[in-house]
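Asks: Below are the chains, spelled out letter by letter.
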Amino acid sequence: MDIQALEATCRQVRRDIVTMCAGAGSGHPGGSLSCTEALVALYFDVMKVDPKNPKDPNRDRFVLSKGHAAPALYGVLAERGFFSREEFARFRQIHSILQGHPDVKKCPGVDASTGSLGQGISIATGMALGAKHAGNPCHVYTVIGDGESQEGLVWEASMAAAHYHLDNLTVIFDHNGLQIDGSNDQVMSLGDIGAKFAAFGYDIIEVQDGNDMQQVLDALHAPACPGKPRLIWLHTLKGKGVSFMEGQVGWHGKAPNAEQCAQALKDLEG
Amino acid sequence: MSEKKAIRVAYGEALAELAATNDKIVVLDADLSQATMTNKFSAAYPDRFYDCGIAEANMVDMAAGMSTMGLIPFCSTFAVFAGRSYDQIRNGVCYPHFNVKFGFSHAGVTLGEDGGSHQAVEDIALMRVLPGMTVLVPCDANECRKAVFAAAQIDGPVFIRTARLPTTVFEDMPFEVGKGNVLRDGKDAVIFTCGVMVEQCLETVEILKNEGMDVALVNLHTIKPLDSALVRAYAAKCGKVFTVEEHSVIGGLGDAVAAELVGTGAFTFRKIGIQDRFGQSGKPADLLKEYGLTGAQIAEEIKNAK
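Quick mapping for you: the protein sequence lines, in order, are chains A and B.
For the first sequence, the working numbering puts the final residue at 361, and the numbers step up evenly by one.
For the second sequence, the working numbering puts the final residue at 363, and the numbers step up evenly by one.
Isolated chain A, as found in the complex:
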């Protein structure tokens, strides 16, 4: 897919995110908008997946460790053809395949149930280890949040990923700098994330603008570093693409009203 088409897909997914949250009257738009490029790049350019055969044993795996960004994942999966866009109207409704956080038992294309922060990266690490054990050639990708790295489990998993030389694992760190109670620095300083993951044994690629499709693609297509798990450190903007949400901590877990939704969709035209 050429880069203009990928960027157009990002705009469409962002419109999906906004309309899904507005329709449900709840959800997490801010952190969904910050990781949109990463998810679009993975599902439209990088990962080997087949929407017609979502359980193909040799498919690449994706775990949305920051499970609250479910609207971004649902948007990408629907645009990729895993299910109909009509499902968006049932986001967060009873009996929906689109639960508030991704549910592997309900939603085609979802590889792990996430939402309890820190668990996704640990499950992804187990997938990568299991793939090596079983001789499965797949690659495992996971997106974690910055606030999520305050969970100790992230570091338990990281120690194991390095110990078992999981070069079939790519961890994408969505560093938008904001969490529920404020900035990372106000809530619990993360320090030098690159140095921390490097010290744990990851190969690090830092991406200055994680909302720039070309930069994201370059990082995801960089050859693997034999024997090491990879961390792609994306500097992103929370609420990216929606004028009144960008960089605003208040849009972590709040849905736009009808008027705000209309404004957001206008911002995302083009």
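In case anyone wonders, no lab produced these hints; they're calculated from the structure.
Here a beta-carbon is modelled for each residue, glycine too, at the ideal position from N, C-alpha and C.
Some clues are possibly wrong.
Said to hold, decoys possible - A short list of chain A residues far from chain B (calculated; beta carbon distances all over 10 Å): (1) GLN95; (2) MET138; (3) ASP194; (4) ALA203; (5) THR216; (6) ALA222; (7) LEU244; (8) GLU247; (9) ASP283; (10) HIS312; (11) GLY344; (12) GLN354; (13) GLY361.
Unchecked claim - Residues on chain A that point at chain B, a partial pick, calculated with CB under 10 Å: (14) ILE94; (15) LYS143; (16) GLY209; (17) GLY211; (18) ILE212; (19) SER213; (20) ALA219; (21) HIS224; (22) ASN227; (23) GLN241; (24) GLY243; (25) TRP246; (26) ALA248; (27) MET250; (28) ILE295.
Fit chain B to the supplied structure of chain A, relying on the hints for placement.
Replies: Frame of chain A, contents of chain B only:
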């Protein structure tokens, strides 16, 4: 009948035996393989054994991930760490109903000298409230072996509680998940028990027999799904119902049996177990006595029940 063997030893041996015929079996441990006895597996199958270091939560979620690759991971650690890794067991394994097994050892006060910080008295309660979880508490080495093999046949999470203390190996008994075993028939009272308390309760039944009481003894090795029909039938038959467990009387076998019997009749009912206390250091025999769990103490409790 006099041979003694720790149930945890049978767990490690059973894994090695099972692995010979099932190539999907992998075993994870958290730096306790000398204690959970998974070293018996790792010695035979080093390339199917994954030490996760002292990180139980990560072990559980790694097992969850490995299960999605078609493997059947057995997670092994102390039962007390069921609490430490509970969110991972709940959300990482049970919520998606992944095919992960838990062989958690050193349960109960018979762990002994390490003391209350390490003696799980709440693990059964934690496990049985999780949707889709099967909970097994084998009473001896033979039953543990069968529990391990049965767990591998179940598509979903299974918790197997094992003990450190060497206990009597009984004659071979049938084992079917969800089906209790009547070890002694009787009509005056019934004891429902599981795990290492079976050994004590056999003594109880003998003591009471000598005093003219004909007591039935039922081994409920499966706490969940509970053998409802057997529980109801023996309660109805005997009228006096006693549950005996090396676990808190809150949330364990006793409560499972009580819940089954509510509204089904009028019974004398007593839960014998750890009475809302933590454990402590000591020799296993001294601890059983301290917590009222010896065969003789159980017999006394039953005799005195009105």
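Asks: Each hint should be assessed against the structure and marked as holding or not.
Replies: Results of checking the hints against the structure:
| no. | hint | in the structure |
| --- | --- | --- |
| 1 | GLN95 | holds (35 Å) |
| 2 | MET138 | holds (15 Å) |
| 3 | ASP194 | violated (8 Å) |
| 4 | ALA203 | violated (7 Å) |
| 5 | THR216 | violated (6 Å) |
| 6 | ALA222 | violated (5 Å) |
| 7 | LEU244 | violated (5 Å) |
| 8 | GLU247 | violated (4 Å) |
| 9 | ASP283 | holds (23 Å) |
| 10 | HIS312 | holds (24 Å) |
| 11 | GLY344 | holds (19 Å) |
| 12 | GLN354 | holds (36 Å) |
| 13 | GLY361 | holds (39 Å) |
| 14 | ILE94 | violated (32 Å) |
| 15 | LYS143 | violated (20 Å) |
| 16 | GLY209 | holds (8 Å) |
| 17 | GLY211 | holds (8 Å) |
| 18 | ILE212 | holds (8 Å) |
| 19 | SER213 | holds (3 Å) |
| 20 | ALA219 | holds (7 Å) |
| 21 | HIS224 | holds (6 Å) |
| 22 | ASN227 | holds (6 Å) |
| 23 | GLN241 | violated (15 Å) |
| 24 | GLY243 | holds (8 Å) |
| 25 | TRP246 | holds (9 Å) |
| 26 | ALA248 | holds (5 Å) |
| 27 | MET250 | holds (7 Å) |
| 28 | ILE295 | violated (21 Å) |
The structure does not agree with the numbered hints 3, 4, 5, 6, 7, 8, 14, 15, 23 and 28 stated previously, though it agrees with the rest.
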